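A.B. asks: Let the hints inform the model, and build the full structure from the sequences given.
Residue numbers (this note's numbering), protein chains in the order written: chain A, 1 to 237; chain B, 1 to 271.
If you are wondering where the hints come from, they were derived from the structure by calculation, not from laboratory data.
Since this is a predicted model, take the numbers as computed values, not measurements.
It is possible that some hints are incorrect.
In silico DSS-like pairs for lysine-lysine, Cα to Cα no more than 27 Å straight-line [unchecked claim]:
1) 135(B) to 118(B)
2) 158(B) to 67(A)
3) 11(B) to 135(B)
4) 150(A) to 107(A)
5) 158(B) to 84(B)
6) 205(B) to 150(A)
7) 120(A) to 137(A)
8) 15(A) to 158(B)
9) 67(A) to 137(A)
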Amino acid sequence: MASTHILSAYDDELKYLSRRISEMGGLAEQMCSDAVRALVNSDAALAQKVISDDVILDHAEREIGDKAIVTIARRQPVAADLREIVGSLRIASDLERVGDLGKNTAKRVIAVQGTGVPRKLARGLEHLSDLALVQLKDVLDVYATRSAEKAEAIRSRDEEIDAMYTSLFRELLTYMMEDPRNITTCTHLLFCAKNIERIGDHATNIAETIYYMTTGAQPEGDRPKDDSSNTLGAITE
Amino acid sequence: MNMMSESAVEKALDQKMSDASHKMIGKDVSVYYGEKRALFDVNLNVRENTVTALIGPSGCGKSTFLRCLNRMNDTIENCRVTGKITLDADDIYDQAIDVVELRARVGMVFQKPNPFPKTIYENISYGPRIHGLSKNKADMDQIVEASLQRAGLWGEVKDRLHESGTGLSGGQQQRLCIARAIAVSPEVILMDEPCSALDPIATAKVEELIHELRANYTIVIVTHSMQQAARVSQRTAMFHLGQLVEENDTDKMFTNPDDQRTQDYIMGRFG
Chain A
1 MASTHILSAY DDELKYLSRR ISEMGGLAEQ MCSDAVRALV NSDAALAQKV
51 ISDDVILDHA EREIGDKAIV TIARRQPVAA DLREIVGSLR IASDLERVGD
101 LGKNTAKRVI AVQGTGVPRK LARGLEHLSD LALVQLKDVL DVYATRSAEK
151 AEAIRSRDEE IDAMYTSLFR ELLTYMMEDP RNITTCTHLL FCAKNIERIG
201 DHATNIAETI YYMTTGAQPE GDRPKDDSSN TLGAITE
Chain B
1 MNMMSESAVE KALDQKMSDA SHKMIGKDVS VYYGEKRALF DVNLNVRENT
51 VTALIGPSGC GKSTFLRCLN RMNDTIENCR VTGKITLDAD DIYDQAIDVV
101 ELRARVGMVF QKPNPFPKTI YENISYGPRI HGLSKNKADM DQIVEASLQR
151 AGLWGEVKDR LHESGTGLSG GQQQRLCIAR AIAVSPEVIL MDEPCSALDP
201 IATAKVEELI HELRANYTIV IVTHSMQQAA RVSQRTAMFH LGQLVEENDT
251 DKMFTNPDDQ RTQDYIMGRF G
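C.D. replies: Here you go:
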């Protein structure tokens with residue numbers, strides 16, 4: 001935003017939205033990283049903290065929604081301002097979903113506590129979550145700078161997460177086939193992996209929203225997809 | 001009556017608009033008030049059956065351009081217009097053009113409602129009478145009723161046609177002025193901030209009227225209210241310092257304008 005509004009209160013309202021989004025982003029990021037850490041370390045206390053933090057995120061999303069509605073009603077925003085406000089609403093709802101995914105992962109910590117997470121799988125999950133969190137962190141940085149090029153670059157990176165998820169899916173299936181006693185744990189881990197993969201999708205959504213906020217156009221071309229787990233049915237040798 | 005649904009009518013109008021012929025064409029239009037140049041080589045075409053809104057800060061030349069379209073600037077001393085403006089194929093600044101006839105084809109509604117201090121009936125009948133548009137009383141009654149109907153005022157005034165037009169409320173007076181403009185069957189209606197003296201309800205009625213008139217007339221409206229331009233027009237032209245900055249579909253103009261000056265102006269930012 002190069003220039004300021006004649007009405008400074010209008011600028012304050014837009015800045016408020018932008019600040020709250022950044023705060024939500026920081027918290028969502030923390031929750032997801034804590035959830036995965038709780039999972040691999042079987043840390044129930046940390047998992048509990050993630051679950052209770054989700055309330056803050058839900059609350060923030062509602063506040064951003066209320067404030068955006070009031071701003072629309074009072075200012076009748078147009079052009080870049082309108083895109084900014086509509087974009088804030090979308091991003092807030094994406095971040096709220098990211099929080100839910102972190103919470104869901106945290107809830108499963110208790111279920112897998114008994115057996116623990118096999119070392120190899122834990123590494124896979126951590127790697128997947130590193131990728132997703134980098135994606136989330138980068139997209140939040142791009143939100144701060146509103147760079148359309150960088151937003152587009154992030155969007156094309158989702159591929160890596162999808163590929164990693166597919167390979168983890170394959171691995172979990174193998175574990176389950178090796179020993180049916182692994183099925184409970186592996187099913188939970190499968191959901192956790194899916195949760196993390198979905199975080200990457202939300203980061204991509206946010207990147208697309210930022211692109212739209214900045215340019216007024218939708219990014220061109222289909223978003224890259226490399227999640228082939230949905231066709232991965234029969235790998236019985 | 002044809003049985004087209006509302007949306008079908010809208011669609012047909014939009015279709016008509018997209019392959020719209022240009023009703024009026026302004027080419028390299030410049031205006032000077034004495035030494036001072038108010039417009040700089042404006043190229044702006046007005047599409048048929050379309051509401052075109054002219055926006056821009058005070059003194060940007062939008063009203064000046066509007067007044068060129070029916071030669072209202074002729075009435076201002078020292079005012080000189082260069083360039084070319086055509087209505088259909090006719091050059092409106094041609095010596096051979098009858099200005100009175102031109103203003104019947106290109107009607108105008110002003111900022112402040114200005115009914116004649118006469119009866120409602122006479123306000124409408126005056127134009128058709130001097131232009132010889134009616135043969136007898138019954139004919140004139142018909143024109144008066146049709147004009148008031150079209151302006152959405154008939155129901156409110158049909159029992160008091162012979163009372164003074166100045167006794168109406170501001171909003172009714174403005175619709176009376178629109179009815180008066182319609183009475184001479186113009187092709188184009190120019191409106192110079194037609195709602196700036198009206199309350200929101202009267203404004204909404206005039207805007208609804210503009211929306212309906214689009215089916216039969218070509219409308220050019222100057223407005224200071226950005227929201228009004230967004231609500232009533234299909235095309236928007238932005239003026240700044242006597243120049244045409246951008247002309248675009250209204251949808252595009254208010255979501256993603258091409259020019260930074262347009263963006264700053266409509267968003268209420270410092271340039």
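A.B. asks: Against this structure, judge whether each hint is valid.
C.D. replies: Cross-check of the supplied hints:
1. 135(B) to 118(B): holds, 22 Å
2. 158(B) to 67(A): Violated, because 48 Å separates the two Cα atoms, which is more than 27 Å.
3. 11(B) to 135(B): At roughly 37 Å apart (the allowed maximum being 27 Å), residue 135(B) and residue 11(B) break the hint.
4. 150(A) to 107(A): Roughly 34 Å between the alpha carbons, so the hint for residue 150(A) and residue 107(A) is violated.
5. 158(B) to 84(B): Violated, at roughly 43 Å.
6. 205(B) to 150(A): violated, 47 Å
7. 120(A) to 137(A): The hint holds at about 26 Å.
8. 15(A) to 158(B): violated, 54 Å
9. 67(A) to 137(A): holds, 25 Å
In summary, the numbered hints that this structure violates are 2, 3, 4, 5, 6 and 8.
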